[in-house]
Amino acid sequence: MYKYNDFDEAFVRERVAQFRGQVECRIDGSLTEDEFKPLRLMNGLYLQLHAYMLRVAVPYGTLNADQMDMLAHLAQTYDKGYGHFTTRQNIQYNWPSLKDVPDMLSNLADVGMHAIQTSGNTIRNVTADHFAGAAADEVADPRPVAELLRQWSTDHPEFQFLPRKFKLAVTGSENDRAVIKAHDIGIQIVQQNDEIGYKIIVGGGLGRTPMIGKVINDFLPQADLLPYVESIVSVWNRLGRRDNKYKARIKITVHEHGIDEIRRLVDERFAQVRPTFSGVDQDMLAEIEAQFAAPDFKVASTDGYEAARMANPAFRSWTDTNLTAHRADGYAIVSISVKKHGATPGDATADQMRVMADLARKYGHNELRISHEQNVILPHVHKSDLAKLYAELRAADLATANIGLASDIIACPGMDYCALATARSIPIAQQIATRFDELKIEHDIGALKIKISGCINACGHHHVGHIGILGLDRAGVESYQITLGGDHTQTAAVGERAGPGFSADDIVPAIERLVYGYMELRDDADETFLEAYRRLGAAPFKAILYPEEKADAA
Amino acid sequence: MPRAFTPKVITANLLIEGDAVWFTATDTWSGNIKDAEFLTDEAHADLRLLEAQAQQSVIAGAYLADAGMDDAGPTTTHFREAFRTRGPSNYAHGKQVENNV
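Heads up: the sequence lines are chains A and B, in that order.
Using the UniProt record's numbering, the letters of the first sequence map in sequence onto residues 1 to 554.
Using the UniProt record's numbering, the letters of the second sequence map in sequence onto residues 1 to 101.
Since the hints were made in silico from the structure, they are not lab data.
Glycine included, every Cβ here is placed at the ideal spot set by N, Cα and C.
A portion of the hints provided could be inaccurate.
[As the list claims (entries may be wrong)] Which chain A residues face chain B? A few, computed with CB under 7 Å, are given here: (1) Thr-32; (2) Glu-33; (3) Asp-34; (4) Ala-51; (5) Tyr-52; (6) Lys-80; (7) Ser-97; (8) Leu-98; (9) Lys-99; (10) Met-415; (11) Pro-427; (12) Gly-476.
Isolated chain B (complex conformation):
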């Protein structure tokens, strides 16, 4: 039996700056995972990934990442994706200190 589909968000890196972004329900990219479209249906998720990947002039390397949900919006379920929402742990660099997210 194929593995049951688990909820996802679509994430990528911005083409110019390279920072992590998430794909919203309105076809834009946000630096905050809370703005991401929460994908619970596999067929819809695959379709949205194609649409996200079509935005070649904005992002690079879009993929589906496992996600959960809390009161504020989508959340990460794996530490790798959690690091992408914050930045490195050895310096206060990246999203953890940027105000625009």
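Same shape as in the complex, but just chain A:
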């Protein structure tokens, strides 16, 4: 894992000291709120419905155990004992006091973390495949590239006042787990004739105008990455619609000018930018790559694991849902669900964070990941340790076996916390998960992605959920609109609006009806909701959601 060098350390410490001074100036009245607001946003501090909210970056979702312990410390000391993991692999604290935030940032600096560029019209935290460095299907670990991009984008003088925020995601695998097609720039590490390069996708995004990104470059040589990405951001920085914030994201720029024209402009800019890169970035990348060397994987028998699976049905069920194939023999990737049925998706208590940190030390080569699906990953666990790990997870109430199932719901904070929200999303997620648990049909339903956003900005990724739910304010009442057939993977698609919205009371029964209807419609138990939707089209699903309209039409 990447360790801060002297430069990083000094830079982050200096920012903490600057922010401490800015907070003092705000409190003593020498800065007005209008003057202070852009400064606090540069450091990830929002003012929400009930309190301040501090968004801390977890770069490309990677943490070590000491860092997770520090997140627990912040939750316990400065918040109400918990933190919220977000869909951009960050963590948010919902209750800090303004005067404590400089201390929180100082604590974070102690473990090589910060909240810089987690807000504002800048290049945000670079996200990556949460199985990076562990997945069996990976061409290369995307994190060195993500770290290089983090260093390049942090405080980049040309990109501190962009038309709007800008988000990058990197994956090293054809199976996209980083939602790269819904990012401003998505980067996929690819291999051609033994040469590593990058497929660059541009202009994706969710929000008010959802767009699937378009390929701007099929195969970019490794050494061209930074100058090329810099050229893209530079072209958009000039063309982007600063007159209208709803049209300011690069997805609109690409849509308005066309991908071919954008490619031409980027190539033109690249011809100017490329010669200014001396190659020092590639030296830095090599140093970063060395720090991401794989851990010393152990060699041990997995016989005990198989026996434990046979002996314990609950353990077996958990291994069926929460494990993913690892590239090293005898190892597994463990997804810890922080979505116990009825709990708030993505919330973990300080105690749970400490348990997960401890387990990473004991069984996981000191590594943890935060997924965009708001779960915590132990990327490297030997199968011979899984039974012990499971027992300890159970004791901490962290052994829910629901990864990828109906209750593994993405939900943004919604109007329970967020000042931008138009409706609540957390209670809807809680009720849906509780209902499917009561019905005991989750495992029969199979793979299903339900994603809920509490406003059109789509932090809950509803557009790319197999079932998406969007909370809106309709004449002063919470209303929930359903989209169907979205897909967040390499076959990305934006879901289609099913019809009129449902009230807060009707939305959970509607989802239940929809899922039972799908189970009737599917060819067999192996046909997933998304596959059935693609085979049959929207009509039969709409008929299930709106039976009275079907009756009216008859």
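Using the hints, position chain B against chain A.
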């Protein structure tokens, strides 16, 4: 025709703690909307908002919010503002469990 003015209260968040507060007739801030000054005249409401916003060392982000009135005092008319008087629905945190409001 401009839309008819509907009654308002002035609300903001406290500068240090960030919690929701309402502006009273005596220029103080209360954690209870019932203590808020009920504003029925548009010109007066605009003037009071300027006075509220001047208290930069106490609050941030003051604005006029639609309000109704019952026997105990001003009430919210929209669910967003109602949530601000209580706190989140997923935990017993915020005003719903604080005794000082």
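Hints versus structure:
The beta carbon of Thr-32/A is positioned within 7 Å of a beta carbon in chain B (closest approach about 6 Å), and the interface hint is therefore held. For Glu-33/A, the shortest C-beta to C-beta distance to chain B is roughly 5 Å, which falls under 7 Å, so the interface hint holds. A least Cβ separation of about 9 Å between Asp-34/A and chain B goes past the 7 Å threshold, and the interface hint is therefore violated. Taken as an interface hint, Ala-51/A checks out: its beta carbon lies about 4 Å from the nearest beta carbon of chain B, inside 7 Å.
Given the 7 Å rule on beta carbons, the hint for Tyr-52/A holds: about 4 Å separates it from the nearest Cβ of chain B. Here the hint on Lys-80/A is kept, as its CB sits about 6 Å from the closest CB of chain B, short of 7 Å. A distance limit of 7 Å between C-beta atoms decides the matter here; for Ser-97/A the minimum to chain B is near 5 Å, and the interface restraint holds. For the restraint placing Leu-98/A at the interface with chain B, the shortest Cβ-Cβ distance is roughly 5 Å, inside the 7 Å limit, so the hint holds.
The interface hint given for Lys-99/A is met, as the beta carbon of that residue sits about 6 Å from the closest beta carbon of chain B, less than 7 Å. Against a cut-off of 7 Å between C-beta atoms, the interface hint on Met-415/A holds, since the closest Cβ of chain B lies about 6 Å away. For Pro-427/A, the interface hint holds, since its Cβ comes within 7 Å of a Cβ in chain B; the closest pair sits about 5 Å apart. Using the Cβ-Cβ criterion of 7 Å, the hint placing Gly-476/A at the interface with chain B is satisfied: the shortest such distance is roughly 5 Å.
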